[in-house]
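I would like the entire structure built from these sequences, with the hints used as guidance.
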Amino acid sequence: MQIYLPIAEMPVNALLILAMGAAVGFLSGMFGVGGGFLMTPFLIFAGIPADVAVATELTHIIASSVSGSIAHWRRRTVDFKMGAVLITGGIVGSGTGVVIFSLLREAGQIDLLVSLTYVIMLGTVGGLMLWESVSVLRAQARGAPLSLERGRAQHLWLHGLPFKMRFRQSKLYMSVIPPLTIGFVVGVLAAIMGIGGGFIMVPAMIYILRMPTSVVVGTSLFQILFTTSFTTMLHAINTQTVDAMLALLLILGGVIGVQFGVQVGGRLRGEQLRALLALLVLGVAVRLALDLVIPPGEPFSVEVKMGT
Amino acid sequence: MQPRLILAIAVLFCAVWPGRAEEIHAGLTEPLIRITSNFTGAEIVFFGAISAEDTFASREGRDLVVVVRGPEANLTVRRKEQMAGIWVNGSQATFSGLPAYYFVASTRPLDQITTQETLERYQLGLAGLHSAAETSLSSGDVPEYRAAAVEARAAQGLYRELSGESAIEIIGNTLFQVKIPLPAEVPVGSYEAEAFLFRDGNVMSGYTAPFFIDKSGLERWLFEKAHDEPFFYGLTCVLLSIGAGWLATVIFQRA
Numbered sequence: 021m022q023i024y025l026p027i028a029e030m031p032v033n034a035l036l037i038l039a040m041g042a043a044v045g046f047l048s049g050m051f052g053v054g055g056g057f058l059m060t061p062f063l064i065f066a067g068i069p070a071d072v073a074v075a076t077e078l079t080h081i082i083a084s085s086v087s088g089s090i091a092h093w094r095r096r097t098v099d100f101k102m103g104a105v106l107i108t109g110g111i112v113g114s115g116t117g118v119v120i121f122s123l124l125r126e127a128g129q130i131d132l133l134v135s136l137t138y139v140i141m142l143g144t145v146g147g148l149m150l151w152e153s154v155s156v157l158r159a160q161a162r163g164a165p166l167s168l169e170r171g172r173a174q175h176l177w178l179h180g181l182p183f184k185m186r187f188r189q190s191k192l193y194m195s196v197i198p199p200l201t202i203g204f205v206v207g208v209l210a211a212i213m214g215i216g217g218g219f220i221m222v223p224a225m226i227y228i229l230r231m232p233t234s235v236v237v238g239t240s241l242f243q244i245l246f247t248t249s250f251t252t253m254l255h256a257i258n259t260q261t262v263d264a265m266l267a268l269l270l271i272l273g274g275v276i277g278v279q280f281g282v283q284v285g286g287r288l289r290g291e292q293l294r295a296l297l298a299l300l301v302l303g304v305a306v307r308l309a310l311d312l313v314i315p316p317g318e319p320f321s322v323e324v325k326m327g328t
Numbered sequence: 084m085q086p087r088l089i090l091a092i093a094v095l096f097c098a099v100w101p102g103r104a105e106e107i108h109a110g111l112t113e114p115l116i117r118i119t120s121n122f123t124g125a126e127i128v129f130f131g132a133i134s135a136e137d138t139f140a141s142r143e144g145r146d147l148v149v150v151v152r153g154p155e156a157n158l159t160v161r162r163k164e165q166m167a168g169i170w171v172n173g174s175q176a177t178f179s180g181l182p183a184y185y186f187v188a189s190t191r192p193l194d195q196i197t198t199q200e201t202l203e204r205y206q207l208g209l210a211g212l213h214s215a216a217e218t219s220l221s222s223g224d225v226p227e228y229r230a231a232a233v234e235a236r237a238a239q240g241l242y243r244e245l246s247g248e249s250a251i252e253i254i255g256n257t258l259f260q261v262k263i264p265l266p267a268e269v270p271v272g273s274y275e276a277e278a279f280l281f282r283d284g285n286v287m288s289g290y291t292a293p294f295f296i297d298k299s300g301l302e303r304w305l306f307e308k309a310h311d312e313p314f315f316y317g318l319t320c321v322l323l324s325i326g327a328g329w330l331a332t333v334i335f336q337r338a
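Protein sequences appear in the order of chains A and B. Letter 128 of the first sequence, counting from 1, is numbered 148 in the working numbering, and no numbers are missing. Letter 220 of the second sequence, counting from 1, is numbered 303 in the working numbering, and no numbers are missing.
Misleading hints may appear alongside valid ones.
To list a few chain B residues with every Cβ distance to chain A over 10 Å, as calculated [unchecked claim]:
hint, residue
1, 120
2, 126
3, 145
4, 155
5, 161
6, 194
7, 249
8, 254
9, 256
10, 257
11, 283
12, 286
13, 319
Partial pick of chain B residues on the chain A-facing surface, computed with a CB cut under 8 Å [as the list claims (entries may be wrong)]:
hint, residue
14, 154
15, 157
16, 163
17, 167
18, 183
19, 270
20, 273
21, 318
22, 328
23, 331
If you're looking for bench data, these hints aren't it; they were derived computationally from the structure. Even for Gly, the Cβ is constructed at its ideal location relative to N, Cα and C.
In structure tokens, the structure reads:
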């Protein structure tokens, strides 16, 4: 069933997009990640222009982070104060990201920017995740439980920074500079990659901010909801690349897939899940990297701008 | 009295005017193509008749050319170049004033019908498409980029050059029809279909029919909102996404 996308100005197979939405939704339900980092490349592989894919995927992330946010809000596992600081950084970051996005789009380098950012981010995060989960699995095989606890001493310099603030929910008294910076970085990446950034935000909260794990996921979802909503607005105003029809298909497929993913994910062990996710992330990174390295079959690309 | 008299003279004049021996008249099946959500391309038929004083005028030496031009567009052609091991968009050339859609059908290959000069004057054939290159190139030459632009449009079915009986169907001696294929990626805008009647390499008569391609219904509404009221459009998208996520939570909690 073909459906015409008004902003991308091309017909797509509606069932294919629904299936992709469901598949990514399934994986995100299973692994507890937003899935933007999978969906945007999948959309690009399916022939959707990179700029439309990035901007539209954000709406899909909004929809999927809403249900998680509601659940965590009810359980009172959201640090709103920390969330607000992260969002402040996120809004500045997303603004910066959209400006970079627009500039490179004008210069005809948007595909390169998106691909390169993906290869670097996914390669790094996937590699780290795989390394960690493999060490845990090996340690378990040896019978020795590996401790993930790390000394606080190595982060002492963070406590020397000014503008300290008390975060009651996280039981932290620290400078606002680290969370502002993290929010900023995730905001930039959200605008360029069309992701929520949970897979960067969550480790950053645990290892850099040292937030208690109980509030990490809720606060991350809360910040993602706001940052992606803001970024979607910026893309809609600045680049007009949010395709409502594509968004509808993605959300529809996504919400169904998530429900099944959650059930399957519950039956797998944490380390196995993480190793699988790491392989998936690395797979996408390799696929994108190959496109950059292998000599293109068609050296020319043509962009059409209609005269007014 | 006066107009009727003029008309009568005109008819008389046409009937005896020797240079007007053969004329072409044509029309389109659909003057407006609407792009709706299930649009997967369309085909319109350009049909017409050749009227000649001598109805048995020889088909020998007579040729028909039908050309369809879409709205003007700027085509930017970029060449991938290797930089530090990765392939990036390097030098580029922009061609302005090229049609976004171009289709030409002829009874014989164009170069057999008339001279190169005539083809260029009427802008017939992919080889004769004129445009000015707007940006100078740092490497490579302009024709190569222009050829790449034409090739890319052709690969999408947006530039086509056909000839022979399959391109123009002649019925009897005087009727003809041309099927104009409009692929799904066809750009919106105003189009022009033109029919030329050639005899021994000279244009005897021509006929122009305009048609329009426009987004329609929901597709049109969404596109207009996105461009005219981007704030409202973006806000609606965000609110609907939040609503959809919330709705899904409610539905699946009960299930």
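The hints, checked one at a time:
1. The claim that residue 120 of chain B is not at the interface with chain A is violated, since a C-beta of that chain comes within 10 Å of its own (minimum 5 Å).
2. At roughly 15 Å, the least C-beta separation between residue 126 of chain B and chain A is larger than 10 Å, which holds for a residue marked as non-interface.
3. At the 10 Å boundary, the C-beta of residue 145 of chain B stays outside the reach of chain A, the nearest C-beta of that chain being 36 Å off.
4. The beta carbon of residue 155 of chain B sits about 4 Å from the closest Cβ of chain A, which is not more than 10 Å, so the claim that it is off the interface is violated.
5. With 10 Å as the threshold on Cβ separation, the claim that residue 161 of chain B sits away from chain A is violated: the shortest Cβ distance comes to roughly 5 Å.
6. The Cβ of residue 194 of chain B lies farther than 10 Å from every Cβ of chain A, with a closest approach of about 26 Å, so its non-interface assignment holds.
7. No beta-carbon of chain A comes within 10 Å of the beta-carbon of residue 249 of chain B; the shortest separation is about 26 Å.
8. Remark: the non-interface label on residue 254 of chain B is consistent with the geometry, its nearest Cβ contact in chain A lying 33 Å away (cut-off 10 Å).
9. Consistency note on residue 256 of chain B: stated as away from chain A, and its beta-carbon is indeed over 10 Å from all of that chain's, at 41 Å minimum.
10. Listed as a non-interface residue, residue 257 of chain B keeps its Cβ farther than 10 Å from every Cβ of chain A; the least gap is roughly 38 Å.
11. Under the 10 Å C-beta cut-off, the non-interface status given to residue 283 of chain B relative to chain A holds; the minimum distance is some 37 Å.
12. With a least CB separation of 28 Å from chain A, residue 286 of chain B remains clear of the 10 Å interface cut-off, as annotated.
13. Non-interface call for residue 319 of chain B relative to chain A: violated, since the shortest CB-CB distance, roughly 8 Å, does not exceed 10 Å.
14. Of the supplied interface hints, the one on residue 154 of chain B holds, with its beta-carbon coming within about 6 Å of a beta-carbon of chain A, less than 8 Å.
15. Because the smallest distance between the Cβ of residue 157 of chain B and any Cβ of chain A comes to about 4 Å, under 8 Å, the interface hint for this residue holds.
16. Interface hint status for residue 163 of chain B: upheld, as the beta-carbon distance to the closest one in chain A is roughly 5 Å, under 8 Å.
17. Taken as an interface hint, residue 167 of chain B does not check out: its beta carbon lies about 10 Å from the nearest beta carbon of chain A, beyond 8 Å.
18. For residue 183 of chain B, the suggested interface contact is upheld, since its CB lies about 6 Å from the closest CB of chain A, less than 8 Å.
19. Against a cut-off of 8 Å between C-beta atoms, the interface hint on residue 270 of chain B holds, since the closest Cβ of chain A lies about 6 Å away.
20. Interface restraint check: residue 273 of chain B against chain A, minimum CB-CB distance 11 Å, threshold 8 Å, status violated.
21. A least Cβ separation of about 7 Å between residue 318 of chain B and chain A falls short of the 8 Å threshold, and the interface hint therefore holds.
22. Because the closest C-beta pair between residue 328 of chain B and chain A is about 3 Å apart, less than 8 Å, the hint holds.
23. About 4 Å separates the beta-carbon of residue 331 of chain B from the nearest beta-carbon of chain A, less than 8 Å, and the hint is met.
When held up to the earlier numbered hints, the structure conflicts with 1, 4, 5, 13, 17 and 20 and fits the remainder.
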